[in-house]
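Asks: Dock chain one against chain two, each of which comes alone in its own frame, and use the hints as you go.
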Amino acid sequence: MNQIWPLKFRSLDASSLLFADDAGGYFRSDNEFLDRYASDVLFQSDHVFLSDNGHSYSTEDDLAFTSFAFRWTRRQSVQKKLSYIILVPTLRCNLTCTYCQVSRAPEAAKGFDWSDETLAGTISFLDALETADIKIEFQGGEPLLRLDLLDKIRAFCRSRFKQSQFVVCTNLQRLGPNEWNFLDADDTFVSTSLDGDFATHQRQRTSDADKTKTFFANLEEAVRRLGSNKVSALPTIDVDDPPDVEMLLDNFEHFGLRSIYLRPINHHGFARKLKPQGDVAARWNSFHAQFIETLIKRNARTGNFMEEYYFSQCLKRVLRSGADNHVDLRNPNFFASDYIVVDHDGVFYPTDEARMLSRIGRVDLSVGRVATGIDQEKVAMLNGSSLNNFDPDCIHCAYQPFCGSDVVDDISRYGRVDIPRHETWFCRRQTSIFDKVFELIYRDDPATQKSLVHWIGLPAWPQELAMVHR
Amino acid sequence: MIPLRLKIATQRGEPFIVRLNDDRHFLDATYGRMTAFDAQLEDVTANAALYATNHGPLHIYDTDPTETHGDVLFVVPDRKIAHRFIRANSRHNTFLVTERCDQLCVMCSQPPKENHTDMFPHFEAAALLTETGKTIGISGGEPLLYKDELFGLLERVLTARPDLRFHILTNGQHFCEEDAGALSALPRDSILWGIPLYSHKSATHDEIVGKQGAHGRLMQSLAILARTGSAIELRTVVMQPNAAQLPSLARFISSHVPFISVWAIMQLENIGYGRQNWDQLFFDNSVDFAPIASAMNLVRARGIEARLYNFPLCTVPFEYRELAPQTISDWKRAYPDICEPCSMKTECSGFFEWHPHNKSYEGVRPI
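Read top to bottom, the protein sequences are chains Z and S. Throughout the first sequence, residue numbering follows the working numbering, covering 1 to 470 in sequence. Throughout the second sequence, residue numbering follows the working numbering, covering 1 to 367 in sequence.
Next up, chain S with everything else stripped away, as it sits in the complex (with noise of 0.2 Å):
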C-alpha cells in the first residue's frame, strides 16, 4: 500500500507546509517559481532524507525522495509526522476538511467525529503548490458545513490556478438560494460536485443516509446546482436496500436530474459502517446484474452518461465494462493472488485492500 504518512524528525513548533524537491528541476512555469514553502533535498542516508526548510532541517525516513518528489506535505513535527497533502505520482489526492457530518449513512467509510480543527488555511497553501492540471479531491465528513472557508478556498485557488479542477463529495443538505451568486461566479467546468441519491423513494434514501428530511432537502440542492449551472456527478452505491429500486431511481433521474455529467453507480467499500453492516448491504452485482443493466440502459438512451464504480471487471458482463473505469484509489487498490492471470488487471479497479474475499462476489475470476 502507498503511504499517506511519513515518519519525520524536525525543530519542534507549530505545523506547517512544505513542498519537497530533489536534485532534479521540478518547478515548472505555471506554479513556477521557488516559493518559502519549498524544500531541497540535501542529503539522503540509509533510512532517512535531510531537506532543508525554512523551518529549519526536516528528516523523513524510510522514503525514496525520488517516490516524493514534488509532493506536498503538512508537517506536524510534535506528532513526528508528515501528511502527503498533494502526492505528486498520484491522481488521487484528497483534502479530508472536516470529520463532521450532519448524515449518518449505514455504509460510511468513515465514520463521522465530533471533532474539528480549522485545516483550510493549510489546505489552501497546499493546492496553491500542486503540480499543473491536477484534480484535488475535497472529502469529509461533510466539507459544506464550512461554506464560507470552502467557497472562499474555492474563489482564490482557481483564481490564482485556473488550471486545477476540484472534485467535492458532499451529501448536498446545505446548498441554498443564497449561495447561487457564489455558486455561478465559480467556473463551472473546474468543480465537479459528487453527491449521494440512493433511491427515488424518500423513505428509503433518508434511512440509508440516517437523517429525516435529507431526500426532501437533497431536492431542493439539486435544483440549485442546475440553475447554477454546476457540474454535479450523482453517485449511488448499489447495496441490497436499494438494488431492486435501481430501474425506479433510473427513471426518476431521467425526468427530474437529467442535468448531471455523470451518474455512478458504485460497490461498497468494507470499511467504517461498511464493514460492521456487510451482510444487510453487500449486492452481489455478479450473480445479479439485471437492475444495474436495466438502469444504465435507461438513462444511456436518454443521453445521460452512467458509469460503474469500484467494480471489479470480471464481475461485470461483457457489454458494460468499457463503462467502469479504474476508480479505486490507487492508494487502497489490491489485487487478489486470482487476478495474477487476468488479461484485464491493468485496467481493473480490482479491490479495496480491506476487501474481505471471503464474503465477496460469487464471479471473481481471471478473465
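So that you can see chain Z by itself, here it is in the shape it has in the complex (with noise of 0.2 Å):
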C-alpha cells in the first residue's frame, strides 16, 4: 500500500473541503473522505485518486517520490545574490500625506539626506556586491529632491555592472528639465502613488485642488513621454474611506495602467499615529475581496483586462512550484538576501518597514551600516524567526505551502513574533486571499475564467486545475 504524504484541510463551503499537501498538491474532496483519511479506512478509488494525483509514494526515491521532493523543494526560497538595492538618499518631501509611510523631513530641513561618507560609502558598498545585474530603487523622501546623488549612483552602477535598471519613487510633484531629463534614459523607471480618483488623491496626499492638478498633470506627461511600461503606480487605501473603485479602475486604465497593487494604509511610521478603530482586518479583507470581484465584472464587460499585482502573485503561487517573486510570498523569507535598503543616514534595513519602525523608535531593526557593512549576526537573528515549516499554528494550514512570512510586520503591529498566527495581520490578509484564491479557482464560471487565464498568463483555464475528489 502507498505511503500518503500528510494531508491539511480547510472548509472550502458548506459542502466540501480544500486539501493540500506540503508540496502545495490540493483537491477539493468532501466530509466523508476527511472520515475516511482520518480514521485509515480509505477506499481502493481513494488510493488510486491520491496516486495519480502525486500524494502518494510506493517506495522511497521512487518517482513519486522524487517528484514530491522536487515539487517541495522548489516552494522554498534560497538565498540569493544581493542584486535590489532600495537607496534614500534625502528624506526630505515636499508634500505632507495624511498617512506618511516613510517618516518624512519638512523640505527645508537640515541633516536628513546622506552626507560625502555615506554617498562614498554607499558606492564602495555597491561596488563590492558579487552580482552582474543591479536594480536600483531610489525611495525617499523625494527623491528628486537630490537629482545630483541620484545621477552620481546611475552612472557608477552604469560603468560597474553589466546590467543596471533604475526606478524612481516619486510623488510627481515638481518636475523641471533636469528631472525630466534624467528620467528619459531607458534604464530608467518611475513608480509613483495614485490613490484613485482625484479627490481621495488631494485628501490623502496633495491637499490643495493646485498641487492635484500638478500631479495629474505630470502623470500624464510621464506616460506620453516615458510610455506606461515604464510608469507604474499604486494606489494607497484608507479602508474606512475608500476611492469609487470604479473611477480608480477608469483612472489607472486611463493611464495605460493595467496592474494595481492595492496597498492598505499601514502602521508603519507616521500613519501609526492615526490609531483606526475595529477590526480593520475584516473591513480590508472585504474590500480587497470585492475588488477582485468588481475587477473580473470589469474585465468581462471591457475585455480589456486589468490585475491586482498581489492577488496575481498568490494565484500563481498556489498554481506553480518557485514562484516567489513577491517577498510576501517568500519561504523561508531571508533578510538582507537579494535585497536591502540603505537609509537617509547610511544605516542598512532589511527592508522598508523595518526603516520605518526603527524610525520611530518602536524597536532597532537595523543591520549595520555602509561603513562597516553588514550585521550578519542580526540578520541571522531575525532569519530565524523568518519561515513558517515549523510554526505551530502553520504547520495545520492548507495554505502553509503557498504562503509566507513577514517577522517585521508582527513586530511593528504586536511588538512580538509568537502571537498566534490567526490573530495577527499578516495571517489574516493571507487567510483571505489565498480562500478567495480557492473559491475563483472552484467557481465554474466563464467570467471568472477569463479572467484567471489572463493574470496567470494562458489562451484557456484547464479545468482540471479545479481537482475534485468524492
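It should be emphasised that the hints constitute simulated quantities derived from the structure, not laboratory data. Wrong hints could be hidden among the right ones.
Quick list of the computed label-pair ranges, beta carbon to beta carbon [said to hold, decoys possible]:
hint, chain 1, residue 1, chain 2, residue 2, range
1, Z, T294, S, W354, 41 to 51 Å
2, S, E322, Z, I360, 18 to 28 Å
3, S, C176, Z, Q79, 27 to 37 Å
4, S, Y335, Z, R36, 50 to 60 Å
5, S, N358, Z, R36, 50 to 60 Å
6, Z, R158, S, P121, 47 to 57 Å
7, Z, N389, S, P336, 36 to 46 Å
8, S, D148, Z, D35, 37 to 47 Å
9, Z, D250, S, E322, 48 to 58 Å
10, S, E322, Z, L34, 36 to 46 Å
11, Z, D35, S, C176, 36 to 46 Å
12, Z, F305, S, K7, 32 to 42 Å
Counterexamples of contact, computed for chain Z against chain S with all Cβ distances above 12 Å [said to hold, decoys possible]:
hint, residue
13, S16
14, R36
15, D61
16, T66
17, S77
18, S124
19, D127
20, R203
21, A209
22, F216
23, E307
24, E423
25, E464
Partial pick of chain Z residues on the chain S-facing surface, computed with a CB cut under 7 Å [claimed, not checked]:
hint, residue
26, S67
27, L319
28, P459
29, R470
As the structure is a prediction and not an experimental result, all values here were calculated from the model. Glycine included, each C-beta is placed from N, C-alpha and C at the ideal position.
Replies: As C-alpha cells, then:
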C-alpha cells in the first residue's frame, strides 16, 4: 500500500473541504473522505486518486517520491546574491501626505540627506557586490530633491555592472527639465502613488487642488513621454474612506496602467498615529475581495484585462512551484538576501518597513551601516523567525505551502513574533486572499475563468486545475 | 535538400576525419590552433574542390567550398563518400552513434538494424573540432546501449570544450543507480536528454514503443535523472492511439515529472515505420486541437514549459503559435507551393521533405 504524504484541510464551503499537502498539491473533497482519511479506512479508489494526483508514493526514491521532493523543494525560497538595493538619498519631501508611510522630513530641514561619507560608503558597498545585474530603487522622502546624488549613483552603476536598472519612487510633484531629462533614460523607470480619483488623491496626499492638478498633469506627461510600460503607480487605500473603485480603475486604465497593487494604509511610520478603530483587517479583506469581483466583472465587460498585482502573485504561487517573486510569499523569507535598504544616514535595513519601524523608535531593526558593513549576526537572528514550516499554527494550515512570513510586520503591530497566527494582520490577510484564490479556482464561471487565465498568462483555463475527488 | 554526404576521391586507406578550410581565416580562439585534422583548400575546378590533408589530396565534387567551409567530414575512401558530421553553417548537427535499439516504436523514423560499428572515436574527434558554442545532437538507435563509450565521450569533450552542448535522444531504458555519479559529474547545463513518454498508462506506452515493461523502466530512469539534476526534454509524439490521453498525461507530468526543462508535443514524421503505419497513426491537429490545448494549458498553469515541435503554424490556433518553434532540421525541411504567399513562412517549421500532402492536415493554408 502506498505511503500518503500528510494532508491538511480547510473548509471551502458548507459541503466541501480543500485538502493540500506540503508540496502544494491540492484537491477538493468532502467530509466523508476526511473521515476515511482520518480513521485510516481509505477506499481503493481513494488510493488511486491520491497516487494519480501526486499525494503518495510506494518506495523511497521512486518517481512519485522524487517528484514530490522536487515540488516541495521548489517551494522553498533560497538565499540569493544582493542585487536589488533600495536607496534613500534624502528623507525630505515636498508633500505632507496624511498617512505618510516613510517618516518624512520637511523640505527645508537640515541633516536628512546623505553626507559625502554616506555617498562614498554606498558606492563602495555597491562596488563590492557580486552580482552582474543590479536594480536600484530610489526612495525617500522625495528622491528627485537630490537629483545630483541620483546622477552619481546611476553613472557609477552603469559603469560597474553588466546591466543596471533604476526605479525612481517619486510623487511627480515638481519636475523641471533636469528631472525629466534624468527620467528619459531607457534604463530608468518611474513608480508613483495614485490614490484613485482626484478627490481621494487630494484628500490623502496633495491637500490642495493646484497641487493635485500638477500631479495629474505630470503623470499624463510621464506616460506620454516615457511610455506606460516605464511608469507604475500604486494606490494607497484608506479602508474606512476608500475611493470609488470603478473610478480608480478608470483612472488607471486611462494612464495605460493595467496592473494595480492595492496597499492598505499601514501602521508603520507616522501612519501609526492615526490609530484606526475596530477590526480593520476584516474590513480590508472584504474590500479586497470585493475589488477582485469588480475586476472580474469589468474585465468580462470591457475585454481590457486589468489585475490586482498581489492577487495574481498569490494565484500563481498556488498553482506553481517556484513562484516567489513577491517577498510576502517567500518561505523562508531571508533578510538582506537579494535586497537591502540604505537609509538617509547610511544605516542598513532589511526592508523599507523595518526602516520606518526603527525610525519611530519602537525597535531597532537596523542591520549595520554602509561604513562598517552588514551585521550578519542580527540578520541571522531575524531569519531565525522568518519561516513558516515549523510554526505551531502554520503546520496545520492548508495554505502553508503557498504562504510566506513577515516577522517585521508582526513586530511592528504586536511588538513580538510569537502571536497566534490567526490573530495577526499578515495571517488574516493571506488567509483571506488564498480563500478567494480557491473560491475562484473552483467557481465554474466563464467570466471568472477569463480573468484567471489572463492573470496567469494562458490562452484558456484548464478545468483540471479544479481537481475534485469524491 | 541540403546534402549530408559528399562525393569524394582520395587515396585508398582507412576512414578519417578532416575539417575543411577555404582561404578565409576560420579558426577562432576557443578551438583555435591548426590541427592534424585540418585540410586546406588548394584549388577549385569546374566540378571539384581540392584540399591538402594529412592523408594526401582530397577531391570533393559538386560542392561550393564556401558552403562547406568549417565543416567536419568523415571521409570513407573506399566508398568514395564523406559524411558531413558537422555542418558549420547549420544548427542541426547530429551524430548517429548506433542503429541498434531495444525498443520498436510504431512510428520509428529510423528503424533499428542489428549491425553496429563503433564510431565513437571519430565522433569525439569531430566534436572537438566543432565551432564554438554549437549544440551537437546524439541519436540512434539507442545511444545508451553504449553507455561507457557515450559517458566517456561526453566527459572528455565537455572538459576540453565547455562551450559545447549536447542534445541526446534516448529511450530512457538504461539509466541505473550506478550512473548517478557519472551523471552528477557531467555539467548539467551542457546536456539535454530528449526522452519519449507517450502516455501515463503503461499499456499504451508499452504498445507504442513495442516493449513490455518499458514504461515502468522509464519511470525509474526519470527518477534517477531528476535526482542528479539532469536536464530533460520530455517528448511525446501525438498520434491517434494517444491523442485523447494527452490531458491525462499532462496531469501525470505536472504531478510526477515536474522537473523536466520542457515538454515537447511532436507531430509525426512520415518515414520509416511512421510511413508504413501513417493511416493508423497520423493525428490531424488542424481538425482537433482540443486535447493538445488542454494538455499544454494544464502543464503551463503548473509552471512547466511546453512546446509544439514539427507543427506547421497554420495548423495551430493563433494563441499557441508562439509555442511552436522552427524544429524540423534544415536538411529535411520543405514548404509546398501553397506556402509561397504565407507571411509566417520564415518562422514556420514547414513540413518534412517526405510529408505526404495527399494524406495531410486539412487546415493547411497561407497565413
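Asks: The structure should be examined with respect to each hint, and the outcome stated for every one.
Replies: Hints versus structure:
Between Z/T294 and S/W354 the CB atoms are about 56 Å apart, so this pair departs from the stated range of 41 to 51 Å. Distance hint check for S/E322 and Z/I360: the Cβ-Cβ separation is about 50 Å, which falls outside the suggested range of 18 to 28 Å. Evaluation of the 27 to 37 Å hint for S/C176 and Z/Q79 yields a pass: the beta carbon distance comes to about 34 Å. At about 59 Å, the CB distance of S/Y335 to Z/R36 agrees with the hint of 50 to 60 Å.
A hinted range of 50 to 60 Å for the beta carbons of S/N358 and Z/R36 is consistent with their spacing of about 57 Å. At roughly 50 Å, the beta-carbon separation of Z/R158 and S/P121 lies within the given 47 to 57 Å, and the hint holds. A hinted range of 36 to 46 Å is violated for the C-beta pair Z/N389 and S/P336, which are about 58 Å apart. Between S/D148 and Z/D35 the CB atoms are about 55 Å apart, so this pair departs from the stated range of 37 to 47 Å.
In this structure, Z/D250 and S/E322 break the distance hint of 48 to 58 Å, their C-beta atoms being roughly 31 Å apart. Distance hint check for S/E322 and Z/L34: the Cβ-Cβ separation is about 43 Å, which falls inside the suggested range of 36 to 46 Å. Between Z/D35 and S/C176 the Cβ separation comes to about 43 Å, which falls inside the hinted range of 36 to 46 Å. Range check, Z/F305 to S/K7: about 60 Å between beta-carbon atoms, so the 32 to 42 Å window is missed.
With 12 Å as the threshold on Cβ separation, the claim that Z/S16 sits away from chain S holds: the shortest Cβ distance comes to roughly 20 Å. For Z/R36, the non-interface assignment is confirmed: its Cβ lies about 21 Å from the closest Cβ of chain S, beyond the 12 Å cut-off. Annotated as non-interface, Z/D61 brings its C-beta within 12 Å of a C-beta of chain S; the closest such distance is 6 Å. Non-interface call for Z/T66 relative to chain S: violated, since the shortest CB-CB distance, roughly 4 Å, does not exceed 12 Å.
At the 12 Å boundary, the C-beta of Z/S77 stays outside the reach of chain S, the nearest C-beta of that chain being 15 Å off. Separation of Z/S124 from chain S is adequate, the least Cβ-Cβ distance of about 33 Å exceeding the 12 Å criterion. At the 12 Å boundary, the C-beta of Z/D127 stays outside the reach of chain S, the nearest C-beta of that chain being 29 Å off. The claim that Z/R203 lies off the interface holds: its Cβ sits roughly 41 Å from the closest Cβ of chain S, which is beyond the 12 Å cut-off.
In this structure Z/A209 is separated from chain S by more than 12 Å, as the shortest Cβ-Cβ distance comes to about 46 Å. Listed as outside the interface, Z/F216 is consistent with that label: its C-beta sits roughly 37 Å from the nearest C-beta of chain S, beyond the 12 Å cut-off. With a closest Cβ-Cβ approach of about 16 Å to chain S, Z/E307 is found to remain outside the 12 Å limit, as its non-interface label requires. Look at Z/E423: its CB is around 33 Å from the nearest CB on chain S, clear of 12 Å, so calling it non-interface holds up.
With a least CB separation of 5 Å from chain S, Z/E464 falls inside the 12 Å interface cut-off, contrary to its annotation. Look at Z/S67: its Cβ gets to within about 5 Å of chain S, closer than 7 Å, so that hint holds up. Given the 7 Å rule on beta carbons, the hint for Z/L319 holds: about 5 Å separates it from the nearest Cβ of chain S. Annotation: interface hint on Z/P459 holds; nearest CB of chain S at approximately 4 Å, less than 7 Å.
Because the closest C-beta pair between Z/R470 and chain S is about 17 Å apart, greater than 7 Å, the hint is violated.
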